[in-house]
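*Asks:* Single-letter residue listing:
Number of protein chains: 2
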Amino acid sequence: MGRTLTYPKRDANTVNRYKHRATYDLGAIHSIINSSQVLHVSFSPGPPDPFPAILPMIGTMGSFDYPSAGLDEPLDCYLHGYVSSRIMNLARKAEGDGLPVCIAASRVDGLILSLTPNSHSYNYRSAILHGYARPVTDEAEKLWAMKLITNSVLPDRWDHTRVPPDNAEMSSTVILKVKVVDGSGKIRDGGVSDERKDKNNNDVTNRVWTGVVPVHELFGDPVPSPENKVSGVPEYITSFIADMNKHNRDYAVTAVNVGLPVEEQY
Amino acid sequence: MGRTLTYPKRDANTVNRYKHRATYDLGAIHSIINSSQVLHVSFSPGPPDPFPAILPMIGTMGSFDYPSAGLDEPLDCYLHGYVSSRIMNLARKAEGDGLPVCIAASRVDGLILSLTPNSHSYNYRSAILHGYARPVTDEAEKLWAMKLITNSVLPDRWDHTRVPPDNAEMSSTVILKVKVVDGSGKIRDGGVSDERKDKNNNDVTNRVWTGVVPVHELFGDPVPSPENKVSGVPEYITSFIADMNKHNRDYAVTAVNVGLPVEEQY
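Residue numbers (my numbering), protein chains in the order written: chain A, 913 to 1178; chain B, 913 to 1178.
Chain A extracted, bound-state conformation (with noise of 0.2 Å):
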C-alpha cells in the first residue's frame, strides 16, 4: 500500500458532475483501461474539417523502460494500428509533444431502475487518459508493446502464436505510443437512488418496480476454426474464458450492494 498515485485535476480533467464518483487514482484508471476490450480514441484532424474523429483501437498501459510497474504507478498507454491510417499519419508529422488525443473507456455493470426516469441510471465504470501520441520507432519497444497488446487480449497469447512477426508484419503495424498529461475516471455503483417525495407516495410505489439489471460480457465456447489442427481448446484459453465469465458476473452482482448495510444486501 503506502502512497497512492494521483493524477493532476486539471480543467481538462476534472469531474464536475456527481463528483463524489470521480477518482484521479492512477490504479483505478488504468485499471478501467486495461479492463476494456475496445479504446474509443479521439484527435483532431484540424482544418478544414470542424469534427474531431473517433477511432475504436485496441491498446493497454504498460512502461518499457520500468516493465514491473504496477498498474498503480506512472504508465504510457500502447496503441495498435495500421501503418498508413490517418491518426498514424497524423501523429507521425505532429509538431511538439505528438499528436494531442483523448483515450476513453466505458463500461455498463447494470441498469438502474427507479421510480423516475430522471433517477434512471447505470452502474459504470469510464476513464479517460489525456496524452501525446508518437509512434514508437525503437524496434525492441515495439516488438514488446506488440506482444503485451497481443497478450492484453489474451494472456499467454503470443507465446502460442507464430513469432516473432517478419518483416512485412512488423513494418505494416504501428504502435502509438501515448505519454499521458493527465487522466480521470467516474465510477457508479450500488442500487437505485430516489427522491423522497416519490418514495412516499403510495401510487407511485405500489406501481413501479425498481431494482437493478446487473450486465456484464460473456466469453462464450471456443469454435475451433475448420483449419485447426489442435485437439482440444489449450487450458490458457479455457481458463481465461472461465475467469473472465466469473470475475465480470461477480462484478455486476457484487456492485448491486455497494453502500448497503449488511443485512439489506440483496
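No lab work stands behind these hints: they were computed from the structure.
It is possible that part of the hints are untrue.
For chains that are exact copies, the list does not tell them apart, and a pair is met inside one copy or across any two.
With a Cα cut of at most 30 Å, we get these calculated DSS-like pairs of lysine-lysine [what the hints assert, rightly or not]:
#, residue 1, residue 2
1, K1054, K931
2, K931, K1111
3, K1054, K1111
4, K1059, K931
5, K1109, K1141
6, K1059, K1109
7, K1111, K1158
8, K1109, K1005
9, K921, K1091
10, K1054, K1158
11, K1141, K1111
12, K1109, K921
13, K1054, K1005
14, K1141, K1059
15, K921, K1158
16, K931, K1005
17, K921, K1059
18, K931, K1109
19, K1109, K1054
20, K1091, K1059
21, K1059, K1005
Note that the structure is predicted; figures quoted are calculated from it, not measured.
Go by the hints and put chain B onto chain A.
*Replies:* Relative to chain A, chain B alone:
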C-alpha cells in the same frame, strides 16, 4: 425494400482500411448506434486546451418530425445530459450550425485467434456519426426525446415510471440534438483468416489453436431494491432480458459462420 439510403462519403468518414468491411447505409449505422448502451461523444473544448474531449453518453436515433421513420431513414441523434455540463455549455454557445461532434459506438462480438499475432482480430460492429449538436429548446420535442431515450434503455419503461417529469427535472436535464452530416460503419464477422505461408507450415499449425471465442453482453437476473413494493418482476422487463440475451448470443455465434460454405459452418 426499394432504395437504400447511404451517407455521403467525405474525407472525414471514408473508411480506407479493410474497405470491404465498411458500410455507409443509414440502416446499418443507425442500428449499431441504437444497439449500444453507451455512446462515446467527442468534441473540441478549444484553446488553450489542446486535447479533444470524450464523454460517455446515453442516446438514440429518432425523428421528431417523422416519428414513424425507420432506422434506414434520415434521423437525428438525441443525447441525454446534465444542464451545466461542459458539452451542454459549449453546444449552447456554439455559433453556426452548432457544436461539431463525433459520436462513436463499438461492440465486440468475438475474439479471432489465428496463427500469427498480426492476423488476430475481433468480430465487431462499429459506427461513427459526425454532426452539429444543439440543445433542444422546444418543450414538446424535449419531452418526446426524453421518453425515446428512456425507452431505448428498456422498452416501455417510461410509461411504467412516475411521469411526466416535474419542472425541476425538466430544467436539470438537457437533450442535445445532433444534426447528422455524415457517418460510416464497419462490421467484421466470420472466422480466422491466415496467410498461406503460415497455413502450410506444419510446425505452426500443429502447435497453434485457431478459432473464435464469441463475446456478447449478458443481462443477469433482476435484483429488486429493498424498497420495491411490486411483487414479481414485470413481464416487459423479463421479456426484454430474455430477448436481448438470446439476440446477443445468437449474433455472436452466428457471426462466426459468416462467409463459410454451409458444409463447413461450425
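*Asks:* Output the indices of the hints that this structure fails to meet, ascending.
*Replies:* Violated: hints 7, 8, 10, 12, 15, 17.
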